[in-house]
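Asker: Below, each chain spelled out in residue letters.
2 protein chains.
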Amino acid sequence: MPAPLSGVTILDLTHVLAGPFCSTTLLDLGAHVIKVERPATGDDTRAFPPFVQGQSAYFAALNAGKQSIALDLKSPPDRAIFEALLVRADILLENYRPGVMERLGYGYDFLRTKHPRLIYGAVSGFGHSGPDAAKPAYDMVVQARGGVMSITGEEGGPPVRVGASIGDIVAGMYLAQGVLAALYAREKTGTGAKIDIAMLDAQIPIQEHALAITTATGEAPKPTGARHPTITPFSTFRTADGFVVIAAGNDALFAKLCATLGLDQSDPRFATNTARCDNVHLLKRLIESTTLTASTDHWIATFEAAGIPTGRVQTMAEALHDPQLIARNMFLPVQPNGTGPAFTAAGNPIKMSTLPEATSRPPAPALNGDRAAILNWLQSDP
Amino acid sequence: MPAPLSGVTILDLTHVLAGPFCSTTLLDLGAHVIKVERPATGDDTRAFPPFVQGQSAYFAALNAGKQSIALDLKSPPDRAIFEALLVRADILLENYRPGVMERLGYGYDFLRTKHPRLIYGAVSGFGHSGPDAAKPAYDMVVQARGGVMSITGEEGGPPVRVGASIGDIVAGMYLAQGVLAALYAREKTGTGAKIDIAMLDAQIPIQEHALAITTATGEAPKPTGARHPTITPFSTFRTADGFVVIAAGNDALFAKLCATLGLDQSDPRFATNTARCDNVHLLKRLIESTTLTASTDHWIATFEAAGIPTGRVQTMAEALHDPQLIARNMFLPVQPNGTGPAFTAAGNPIKMSTLPEATSRPPAPALNGDRAAILNWLQSDP
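These protein sequence lines map, in sequence, to chains A and B.
When the count follows the working numbering, it moves up by one through the first sequence with no breaks and lands on 1030 for the last residue.
When the count follows the working numbering, it moves up by one through the second sequence with no breaks and lands on 1030 for the last residue.
Be a bit skeptical, because a hint or two may be false.
Claimed, not checked - To spell it out: a stretch of chain B is covered by chain A in this simulated footprint if at least three of its residues, at any positions, have a beta carbon under 8 Å from a beta carbon of chain A; those stretches are:
#1 736-747
#2 968-978
What the hints assert, rightly or not - Below, in silico cross-link-like pairs of lysine-lysine (PhoX-like), each with a Cα-Cα straight-line distance of 25 Å or less:
#3 A/K870 / A/K762
#4 A/K870 / A/K904
#5 A/K870 / B/K722
#6 A/K722 / A/K783
#7 B/K762 / B/K722
#8 B/K904 / B/K836
#9 B/K904 / A/K836
#10 A/K783 / B/K762
#11 B/K783 / A/K904
Derived from the structure by calculation, the hints contain no laboratory data.
As the structure is a prediction and not an experimental result, all values here were calculated from the model.
Beta carbons: idealized from backbone N, C-alpha and C, even for Gly.
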């Protein structure tokens, strides 16, 4: 059984994060990804720390298994190569600011006339329309402007950045969805499409709760530290040696928690979720007065035995040894490129009956490292 | 031009967040979504605050435009309806714990024999394999265990929950990607697939930076408040009336910032990004000694004129009035269901040349509100 995207060729002009994150997903689903890089320096992330033996672990993890060709899209011979690649490509991905592709002569309105089946996927800070389309953006800008920082942080404290770059990543994921939908539709219609994803736009659907609260009550939610804003108890709690998560998402689970910790469930201050939310700080003290007496391990075992959703707060160093994540192949060794270092990359979270599980990743490419192979492939029969 | 998923029918057994988030994306791409709900109570989120005139704004926003039929999958007449729906469905979505569908007699291994074209999409806390497959999970549990809380929060402070429910949402997005890839592949092979997404798995790829740092250096990153861990200056800064984002992602942008704020770029403590990271707190003080002297509006205008990526920290209440988000149709009125209240939902962030932009959403269904229409449709010609 071939992988779902077997035979699909992607010409990937993107760099840094949102675009390469998208093309990694499509690669994991079986596509062939040709990374078209700027000569001399290539993808900016080749210079991003941390480095191992002079090579970027960040670049290696995000670009494992892709091919690389360096092309100067202002030089006629390189443009000829790019145009030959366009004939063979199913998908073109780019994350320039709006207008850059047009100035290069490769805007979608032109490309579609020559390559009507081409799927053109763009991701930018603010999208290809609206008053701010031309402005620059980074993850930090859209996390702030889109609202997620305003609901992340300590209670009463200043806004905090989400530790993961979800400004880029969620946009890259939406781009992958648009590209996949266009691939399916092309089977029916024979024609491609342009997909235009804005990092700022992508921040709105993921805040479904904040949007509902704000529009229903007129008041925007604020940061609530480690706890859920409207479910209680649903937070981290201190133990003798760290933290434990208790996620008592409904009354039945809260009853189990009361039985386990010896709390009085009939206390009117805790009888309903609304009452528990009103008395959240008191309830936290009561719970912690017990959880502080024993270790996180003890409480995980105790809560699991009682059927209460629980877990530890892990660092990435701890997650790397998590038996469940290891069983699911979520950390994959990246094979060395030549004599270079080996790295570790995230596994593919899309487990499919029609897609064999990978247990390692091929190396990330050297800049322009596949030029000869790609030129050769262009000579072969389609 | 029909929408990309025009003609695709989804039987959606999911509730709460990850699954309904996925089916909303597929609905936005043109699919027909039939929500199969538990009789009497339906989707748990029908009881989630905030309420407007007794109806959940949360449920309304996440389920606008879907149909609802209440079925008791243990009752023979309702099972017959469900099985008739399966004949017409392209995609089945479920987010039960592993084993529940098998006990109902609807496990994938059975369904595939009767419906070889069916695409079966499952999302669960830990996935359908591994030692913890049977354990319960909520967003909070996977945010903690997957590592993202350990890199979110104040510097030196305790772990903080990401204000958005990215434990659910990223998993729902991966499910949508798997389903879309399976739809495309089915056009080639004629057969469906099972997709098995774990919320915990989905937390790993989004932490590409933390994974690279941890595996390359042996040390896991810690929370860094509002700033980026390895790019400086890339944070929020206090102004006379709030905060402003400065995202100086490279030396050229830092040079522009120095020119704008009168900083000495040749100071060896700030000459390179590495030096700036080493002196991040000093640099923050220096920048804020100037930014505190004027308003956020002033600094946004100043930095934009200088070409420095910038932005304000907005709450959702402010984002609702952001001209760029409005121009991109990212807030859509949900039409009232009968005489019920109107709500606001997120728009579709996947802008496609082959997909007309929506400027409103149809209402969310009443529980079982489409039973007659759905039974009628089952009688019609496929």
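Asker: All hints, please: hold or fail.
Answerer: Here is how each hint holds up against the structure:
no. : hint            : verdict
1   : 736-747         : violated (count 0)
2   : 968-978         : holds (count 8)
3   : A/K870 / A/K762 : violated (51 Å)
4   : A/K870 / A/K904 : violated (30 Å)
5   : A/K870 / B/K722 : violated (43 Å)
6   : A/K722 / A/K783 : holds (23 Å)
7   : B/K762 / B/K722 : holds (19 Å)
8   : B/K904 / B/K836 : violated (53 Å)
9   : B/K904 / A/K836 : violated (50 Å)
10  : A/K783 / B/K762 : violated (53 Å)
11  : B/K783 / A/K904 : holds (16 Å)
When held up to the earlier numbered hints, the structure conflicts with 1, 3, 4, 5, 8, 9, 10 and fits the remainder.
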